[in-house]
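Q: So the sequences go chain by chain: A, B, C and D. 123 is the number of the first residue of the first sequence in this note's numbering; add one for each residue after it. 123 is the number of the first residue of the second sequence in this note's numbering; add one for each residue after it. 123 is the number of the first residue of the third sequence in this note's numbering; add one for each residue after it. 123 is the number of the first residue of the fourth sequence in this note's numbering; add one for each residue after it.
Treat the hints with care, since some could be wrong.
Where chains are identical, the list cannot tell them apart; a pair therefore holds if satisfied intra-copy or between any two copies.
Computed cross-link-like contacts, DSSO-like style, restricted to lysine-lysine with a CA-CA straight-line distance of at most 30 angstroms [to be verified]: (1) Lys355 <-> Lys247; (2) Lys322 <-> Lys198; (3) Lys247 <-> Lys322; (4) Lys355 <-> Lys192; (5) Lys192 <-> Lys142; (6) Lys247 <-> Lys192; (7) Lys355 <-> Lys142; (8) Lys355 <-> Lys198; (9) Lys243 <-> Lys192; (10) Lys322 <-> Lys142; (11) Lys247 <-> Lys142; (12) Lys243 <-> Lys142; (13) Lys243 <-> Lys198; (14) Lys198 <-> Lys247; (15) Lys192 <-> Lys322; (16) Lys355 <-> Lys322.
No lab work stands behind these hints, which were simulated from the structure alone.
Chain residues, written in single-letter form:
Protein chains: 4
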Amino acid sequence: MNHDVIISCAVTGDDTKVTKSPHCAVTPVEIAATAIAAAQAGAAIVHIHVREPETGAFSMETRHYREVVKRIRESKVDVIVNLTCGMGGYIVVGDHGLKDTPGPGSDFVSQDDTGNLWFVKQMIKEGLLSAPSLIQLCMGIPYGVPADVGHLLAMVNSLPENCNWGTFAISRMQMPWVAQAVLLGGNVRVGLEDNLYLSKGVYASNAQLVEKARTIIEAMGARVLTPAQAREKLQLR
Amino acid sequence: MNHDVIISCAVTGDDTKVTKSPHCAVTPVEIAATAIAAAQAGAAIVHIHVREPETGAFSMETRHYREVVKRIRESKVDVIVNLTCGMGGYIVVGDHGLKDTPGPGSDFVSQDDTGNLWFVKQMIKEGLLSAPSLIQLCMGIPYGVPADVGHLLAMVNSLPENCNWGTFAISRMQMPWVAQAVLLGGNVRVGLEDNLYLSKGVYASNAQLVEKARTIIEAMGARVLTPAQAREKLQLR
Amino acid sequence: MNHDVIISCAVTGDDTKVTKSPHCAVTPVEIAATAIAAAQAGAAIVHIHVREPETGAFSMETRHYREVVKRIRESKVDVIVNLTCGMGGYIVVGDHGLKDTPGPGSDFVSQDDTGNLWFVKQMIKEGLLSAPSLIQLCMGIPYGVPADVGHLLAMVNSLPENCNWGTFAISRMQMPWVAQAVLLGGNVRVGLEDNLYLSKGVYASNAQLVEKARTIIEAMGARVLTPAQAREKLQLR
Amino acid sequence: MNHDVIISCAVTGDDTKVTKSPHCAVTPVEIAATAIAAAQAGAAIVHIHVREPETGAFSMETRHYREVVKRIRESKVDVIVNLTCGMGGYIVVGDHGLKDTPGPGSDFVSQDDTGNLWFVKQMIKEGLLSAPSLIQLCMGIPYGVPADVGHLLAMVNSLPENCNWGTFAISRMQMPWVAQAVLLGGNVRVGLEDNLYLSKGVYASNAQLVEKARTIIEAMGARVLTPAQAREKLQLR
């Protein structure tokens with residue numbers, strides 16, 4: 123069991139969800155604001171995608187990322203900013219925004235299925251990747267690995283030695299999977315990228331999802347790490 | 123995952139714990155009171171041991187059981203009363219106390235290790251036991267089955283078809299195990315028989331333990347069954 | 123445990139292996155011959171890829187498939203012929219070759235990772251696929267699912283109800299995986315498509331690999347099904 | 123997977139089996155003879171119980187053990203002799219028989235259920251036992267742990283670090299379990315104490331059971347260790 127849990131919050135996702143929930147952030151201003159709120163609720167890491175401000179469509183534009191990071195840093199709220207690069211590559215943003223990015227510890231790797239875990243281990247073996255800061259096992263995404271305890275257990279038993287890892291599941295399994303991650307020694311992820319609802323028919327904000335995860339973690343007797351404690355655990359910088 | 127969770131509260135245990143916590147119930151009056159409080163907090167089942175009122179030593183005296191049951195029924199608080207018979211045999215108390223006991227559904231079987239699960243399945247096969255109301259898997263008790271997810275998964279996969287089951291763990295693993303039980307489709311148990319603490323150094327009352335279990339269950343998106351709903355799920359009476 | 127085991131033999135694979143082993147079949151004549159030998163050794167199913175006869179390069183040419191099937195049928199050796207269509211679609215060849223193909227039971231689906239298993243279950247759910255004859259779990263292929271018992275167990279527990287299934291692993295794990303498949307209730311696959319060696323440095327023929335699989339299966343107390351028995355178990359035709 | 127497999131042969135068991143099979147050894151002469159034959163067939167360890175010579179009833183008499191050991195040593199056939207002490211304590215016999223017994227490495231512990239595994243780990247923790255030579259997981263004995271892959275996997279994942287281990291199952295599961303042990307990295311045990319039959323209705327000798335285990339092990343690509351190699355692997359003497 124993991125007693126020192128890092129909460130990641132994936133604050134926004136693909137465009138189809140934009141019109142559904144009033145909490146979905148679209149513009150860099152909104153994305154930064156929801157990330158700050160998530161951090162204040164207890165998220166040590168915010169996982170950032172950006173969108174086209176007018177349409178909400180998925181975007182990879184550096185200027186949107188730049189604005190999000192700038193606003194987060196200006197708020198003085200401490201949080202580890204994890205920018206996605208769409209698929210595969212992830213970078214950690216240093217305290218000075220994109221100026222010192224990728225920051226040390228840019229080893230986050232997204233896990234889509236057991237094949238990617240093989241790939242990560244191969245990269246470590248070939249010296250292309252030092253022991254990753256955080257391996258994330260994504261479960262429950264249709265046609266990926268099902269959010270099933272047996273599968274997670276098998277994957278956890280296959281992880282590289284001494285790595286930090288997390289796992290998350292989508293929709294209804296998001297919160298139960300917070301508990302499952304902690305029970306097996308991992309870290310957690312919540313956020314509107316993976317689930318829109320607080321309960322049946324009730325939309326959630328990112329802060330509310332983080333609070334609910336915190337409730338579960340603390341009721342189980344574990345503690346939620348601050349960004350500073352998370353940096354130390356993940357050996358960032 | 124189990125979305126309709128039955129909370130059992132094991133309100134008091136063996137005598138060595140009596141002198142430790144101020145919340146430990148000793149006399150039938152105290153045991154009944156703590157059981158009632160647990161029921162009001164959300165426990166659908168209370169699991170009852172009794173003690174010698176003067177010494178707190180473990181007792182099997184019918185008159186103590188009788189008094190506990192009488193007081194619970196007089197309170198008009200609805201709860202399923204599950205009396206232990208020390209080892210192996212369990213009986214369910216009907217609404218009229220020991221007069222109509224064992225009540226229908228007296229099929230609770232305590233699981234100490236995988237051997238007992240074999241025994242239960244054998245008894246069902248030989249027609250000595252109809253499909254049990256609730257098979258309870260006890261984990262984390264020294265020299266029994268460790269509170270380990272792999273072991274629980276293996277046991278859950280070996281359960282008889284279509285049975286209700288629950289699992290609990292002791293001490294620090296009590297609350298995490300509430301989450302694990304729900305995740306794998308089972309019911310839960312908390313209470314001072316298995317753990318004395320709310321958090322490090324802070325003693326718990328049974329009601330507080332039930333409340334914490336409820337918090338975890340509801341945060342995971344499941345609901346806690348009332349005694350009436352539990353009777354229906356377990357097909358009692 | 124599976125006591126009625128179907129051996130599939132995947133007789134040839136991709137072109138890179140052609141120059142390595144003297145047993146690799148390239149021309150339709152050679153492919154048919156090695157398939158017949160595998161059937162005589164105990165394979166109930168032969169899994170057929172074809173090659174360009176001159177170069178040994180991978181081919182999808184119908185005429186090569188046609189010739190292979192014709193020669194197998196002319197030999198009068200009974201075996202279930204399973205032609206691959208490269209990726210995803212598989213067809214069963216009836217007794218009259220490609221004339222009555224796809225034969226009934228053309229439900230073989232290749233499993234590359236847990237995502238495909240999800241896809242199969244979805245297709246069954248949507249009525250696009252009746253309960254498959256044989257779900258094949260491929261393990262140990264780099265970047266797919268590792269040939270790990272925990273992973274296999276999780277996948278086996280996720281299979282559709284009442285399906286037949288098999289699993290195989292490549293290289294050194296081919297023969298151990300024959301035993302693992304049988305232990306968990308599945309069928310087996312061997313053949314030069316997945317492994318070239320009988321032992322360290324010693325090339326194998328398909329017949330030798332089938333014999334070795336048979337040795338393991340029978341030593342474990344199970345029996346190897348004939349093609350006729352396999353058709354019945356898989357409910358073909 | 124274990125590529126260097128130690129075969130233990132448990133040559134005789136409790137008295138009820140005596141009248142069933144013509145191969146059951148009763149007198150010290152017979153027990154020694156069957157142990158020697160098992161060793162010649164490939165068993166690196168022979169696991170010895172003794173019986174009352176007239177009745178075949180179970181015995182703990184030192185003089186019977188002494189005679190068995192003397193005869194084995196006089197044959198000059200090398201094998202590790204593992205005498206049982208009924209329950210719990212096991213001793214290794216040195217080359218000079220009971221004169222230098224318990225020999226170094228007398229750390230064999232029999233595993234009846236997960237509780238004993240807990241006990242072993244506790245003894246190691248308290249310094250009462252140095253890292254055991256061989257932890258044996260017994261499965262499939264009624265009311266013990268079922269011979270189920272999930273259970274074995276959970277127990278294997280709970281073993282102390284860097285220990286050697288083996289597992290065996292009884293009756294029909296004896297030979298399949300040889301394969302399962304090897305697949306998960308363990309050593310194997312066969313013999314008439316656990317199973318009387320070579321196949322349905324056909325009684326087995328210990329040598330035949332050892333040969334069959336050897337067949338499975340070698341077909342899987344592993345090798346069977348000699349007693350000398352086994353002593354080195356187990357760090358005896």
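Q: Please go over all the hints and tell whether each is borne out by the structure.
A: Quick rundown of the hints versus the structure:
1. In the homo-oligomer, the alpha carbons of Lys355 and Lys247 lie at most 30 angstroms apart both inside one protomer (22 angstroms) and across protomers (28 angstroms), since each shortest distance falls under that limit.
2. Taking the closest pair of Cα atoms, Lys322 and Lys198 never come within 30 angstroms of each other, the shortest separation being 35 angstroms inside a single copy and 33 angstroms across copies.
3. For the homomeric pair Lys247 and Lys322, the shortest alpha-carbon distance between copies (25 angstroms) is at most 30 angstroms, but the shortest distance inside one copy (45 angstroms) is not.
4. For the identical chains of this complex, Lys355 and Lys192 are intra-copy neighbours only, at 25 angstroms inside a copy versus 55 angstroms across copies, given an alpha-carbon limit of 30 angstroms.
5. Taking identical chains as interchangeable, the C-alpha atoms of Lys192 and Lys142 lie at most 30 angstroms apart only when both belong to the same chain, with a minimum of 28 angstroms there against 55 angstroms between chains.
6. Taking the shortest alpha-carbon separations for Lys247 and Lys192, neither the intra-copy value of 36 angstroms nor the inter-copy value of 48 angstroms comes in at or below 30 angstroms.
7. For a Cα distance limit of 30 angstroms, the shortest separation of Lys355 from Lys142 qualifies neither inside one copy, at 36 angstroms, nor across copies, at 36 angstroms.
8. Taking the shortest alpha-carbon separations for Lys355 and Lys198, only the intra-copy value of 22 angstroms comes in at or below 30 angstroms, while the best inter-copy value is 52 angstroms.
9. Taking identical chains as interchangeable, the C-alpha atoms of Lys243 and Lys192 are never at most 30 angstroms apart, the minima being 34 angstroms within one chain and 46 angstroms between chains.
10. For a Cα distance limit of 30 angstroms, the shortest separation of Lys322 from Lys142 inside one copy, 14 angstroms, qualifies, whereas the shortest one across copies, 43 angstroms, does not.
11. Taking the shortest alpha-carbon separations for Lys247 and Lys142, only the inter-copy value of 27 angstroms comes in at or below 30 angstroms, while the best intra-copy value is 44 angstroms.
12. For a Cα distance limit of 30 angstroms, the shortest separation of Lys243 from Lys142 across copies, 29 angstroms, qualifies, whereas the shortest one inside one copy, 38 angstroms, does not.
13. Neither within a single protomer nor between protomers do Lys243 and Lys198 lie at most 30 angstroms apart by alpha-carbon distance, with minima of 36 angstroms and 49 angstroms respectively.
14. Taking the closest pair of Cα atoms, Lys198 and Lys247 never come within 30 angstroms of each other, the shortest separation being 39 angstroms inside a single copy and 48 angstroms across copies.
15. In this assembly of identical chains, Lys192 and Lys322 lie within 30 angstroms of each other by CA distance neither inside one copy nor across copies; the values are 35 angstroms within and 41 angstroms between.
16. In the homo-oligomer, the alpha carbons of Lys355 and Lys322 lie at most 30 angstroms apart only across protomers (23 angstroms), although the nearest pairing inside one protomer, at 35 angstroms, exceeds that limit.
Against the hints set out earlier in the document, violations occur for numbers 2, 6, 7, 9, 13, 14 and 15.
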